[in-house]
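Using numbering that gives the first Met the number 0, the letters of the sequence shown correspond one by one to residues 0 to 108.
In case anyone wonders, no lab produced these hints; they're calculated from the structure.
Calculated cross-link-like contacts (lysine to any residue; reagent style SDA-like; alpha-carbon spacing at most 25 Å):
no., residue 1, residue 2
1, K36, D17
2, K36, T12
3, K36, W20
4, K36, A13
5, K36, W22
6, K36, M19
7, K36, P46
8, K36, G48
9, K36, Q26
10, K36, F14
11, K36, P16
12, K36, G18
13, K36, D23
14, K36, W21
15, K36, P49
16, K36, A47
17, K36, S15
Between beta-carbon pairs, the in silico distance windows are:
no., residue 1, residue 2, range
18, W37, G71, 47 to 57 Å
19, F14, I64, 32 to 42 Å
20, G71, N97, 31 to 41 Å
21, W37, F69, 44 to 54 Å
22, A60, I81, 24 to 34 Å
Idealized CB from N, CA, C, for every residue including glycine.
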Amino acid sequence: MGDQPQTPSTPRTAFSPDGMWWWDGSQWRPAISPDGKWRWDGRAWVPAGPGPARAGGGAGAAIGITVVAFIGILFLVSIVVIVILLTMGNQISNVFSNVAAALGATPSP
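Please model the entire structure based on the sequences and the hints provided.
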């Protein structure tokens, strides 16, 4: 404990989790200048570097997602149609035969 010399403590600058504000001991102050060209590093204003690289897929990702969604919906619809035809096929054929018979019949006077 007595091995380290005591130095005057310099107040440590606390930044908000998003890095946009810093605590001066009594209030939060903006860490980025209004024009966005300067930032506060805890001791002085320094030129702000380029912003973080944006992670975005752009148009290619949107087209890919659309194609995958369309294929998925087409697959689900085909599964539903197959299930309906397997479970109700005989009833559907009866309906079509009744309609065909009714269309081919002669009207009554």
